[in-house]
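**Q** Sequence:
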Amino acid sequence: MFQVPDLYEECFTLVKQIPAGMVSTYGILAKALGDEIAARAVGQMLGENQNSFLRSDLPEEKLIPCHRVVYADGRIGGFTSEKGVEDKIRLLEREGVRVQDGKVADFREKLFQDFVSSEPLKRLRGEQEKLAEKIWLEDDFTLGEFGILDVAYRGRRGYCAMVVFDLNGSQRTTFAATAEINFPYIPTYLAYRELPMILKVLEYYRPSLLLIDGNGILHPRKMGIAAHAGVVAEIPCIGAAKSLLGGQLEGEKIFIRGEHVGYKCGKYYVSPGHRVSIESARKIVERYSHLIPLAHGAAKRTAILK
DNA sequence: GCGACAG
DNA sequence: ATCTTGTCGC
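Numbered by this note's numbering, the letters in the first sequence go through residues 405 to 710 in order.
Accuracy of the hints is not assured; some may be wrong.
[What the hints assert, rightly or not] Derived SDA-like pairs (lysine to any residue); straight-line CA-CA distance at most 25 Å:
1. Lys-534 / Glu-663
2. Lys-646 / Arg-561
3. Lys-687 / Gly-650
4. Lys-534 / Lys-487
5. Lys-487 / Gly-425
6. Lys-687 / Glu-663
7. Lys-435 / Phe-519
8. Lys-671 / Leu-653
9. Lys-646 / Ser-612
10. Lys-687 / Lys-487
11. Lys-526 / Ser-612
12. Lys-526 / Val-408
[Claimed, not checked] Label-pair distances were calculated between CB atoms; the ranges are:
13. Glu-533 / Ala-509: 38 to 48 Å
14. Gly-500 / Lys-538: 45 to 55 Å
15. Asp-477 / Gly-500: 14 to 24 Å
16. Glu-690 / Pro-423: 34 to 44 Å
17. Gly-655 / Gly-559: 39 to 49 Å
18. Arg-561 / Gly-488: 21 to 31 Å
Calculated from the structure, these hints are not laboratory results. Ideal Cβ positions, reconstructed from N, Cα and C, are used throughout, including at glycine.
Could you put together the complete structure from these sequences and hints?
**A** Following this line, the structure appears as structure tokens:
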């Protein structure tokens, strides 16, 4: 089974470790979660904190002191709105943290960094590296029908739709699944946000080939969501992303650390995920990329209707 | 100061 | 993708 940590829970548990009178930063919290790349995701998660110190109706142990988290240079950072930042400053001053010129005074002395954490993202990186060994980059599929999959969100709930097409690109059937999402978007960890929903949809129907919005091996650990889905579900899979996640573009070819991992096809950055060659991935996207927006529309409709 | 940073 | 609480490196 595919287990995903509740990163909101992990993040809030860490924030509770910051003592009154001290502050920490989004980046230090991200490091405690296991990867500094999650700094923005930390900010996003704190933005969804429903138990801030502005809540007077909750017992103290339920409160999450997200006002104690500031930017890496000591500036105050966000708190929902411009008005919210005033609240954040007031809460900090009440705890003995002075704010001068929009920055925490004596920032270095006030900075808390001794988090006790299992660094969950570190484990996930290890899992990605392990799974990457199973990627197969030769054609091992029958091009009969194929599925295009996309995801939409409404708050903490995700909606996944897979539209199945036949070889002429005629639309056949749509399958959909939804799930509560406890993992924010973090660059290079997309699978941990979306794969649970994708696996649910694949329980309803397994097409002979799958096209996913995102990367395959065009990823620092070769484990973009299309590779991750392909290996975990053991299904032929291609990734098509609308923007580049690292790598160098040389003509139509995309390289990572000198290795050819995919192609730019029209507006898409294409890389194989599993059981598909780089060349076939390119040909299939060239032929069918006009259908990708249909899956996006299907996911959106699912999200609105539910 | 601007871009990188899948969705 | 939504909805708006980053950070680092050039």
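**Q** Does each hint fit the structure? Answer for all of them.
**A** Evaluated hints:
1. For the suggested pair Lys-534 and Glu-663, the alpha carbons sit about 19 Å apart, so the restraint of at most 25 Å is met.
2. At roughly 23 Å between alpha-carbon atoms, Lys-646 and Arg-561 fall within 25 Å of each other, so this suggested pair holds.
3. A hinted pair counts as satisfied when its Cα atoms are at most 25 Å apart, and Lys-687 with Gly-650 qualifies at roughly 22 Å.
4. For the hint pairing Lys-534 with Lys-487, the CA-to-CA distance comes to about 46 Å; that exceeds 25 Å, so the pair is violated.
5. About 22 Å separates the Cα atoms of Lys-487 and Gly-425, which keeps this hinted pair within 25 Å; it holds.
6. Distance hint between Lys-687 and Glu-663 is fulfilled; the C-alpha atoms sit about 20 Å from each other, no more than 25 Å.
7. Pair hint Lys-435 plus Phe-519 holds up; C-alpha atoms about 10 Å apart against a cutoff of 25 Å.
8. With a C-alpha separation of about 13 Å, the suggested pair Lys-671 and Leu-653 falls inside the 25 Å cut-off, and the hint holds.
9. For the given pair, Lys-646 sits about 24 Å from Ser-612 by alpha-carbon distance, which is consistent with the 25 Å threshold.
10. At most 25 Å may separate the alpha-carbon atoms for a hinted pair to count; Lys-687 and Lys-487 exceed this at roughly 52 Å.
11. Of the supplied pair hints, the one linking Lys-526 and Ser-612 is violated, its CA atoms being roughly 33 Å apart against a limit of 25 Å.
12. Distance restraint check for Lys-526 and Val-408: the Cα-Cα separation of roughly 13 Å lies within the 25 Å cut-off, and the hinted pair is therefore satisfied.
13. One distance hint, 38 to 48 Å for the beta-carbon pair Glu-533 and Ala-509, holds here, with the actual separation near 43 Å.
14. Separated by about 53 Å at the C-beta atoms, Gly-500 and Lys-538 satisfy the suggested range of 45 to 55 Å.
15. At about 21 Å, the beta-carbon gap between Asp-477 and Gly-500 stays in the expected band of 14 to 24 Å.
16. For Glu-690 and Pro-423, the Cβ-Cβ distance of about 57 Å falls outside the hinted range of 34 to 44 Å, so the restraint is violated.
17. Take Gly-655 and Gly-559: their Cβ atoms lie about 42 Å apart, and the range 39 to 49 Å holds.
18. In this structure the hint that Arg-561 and Gly-488 lie 21 to 31 Å apart at CB holds, the actual value being about 25 Å.
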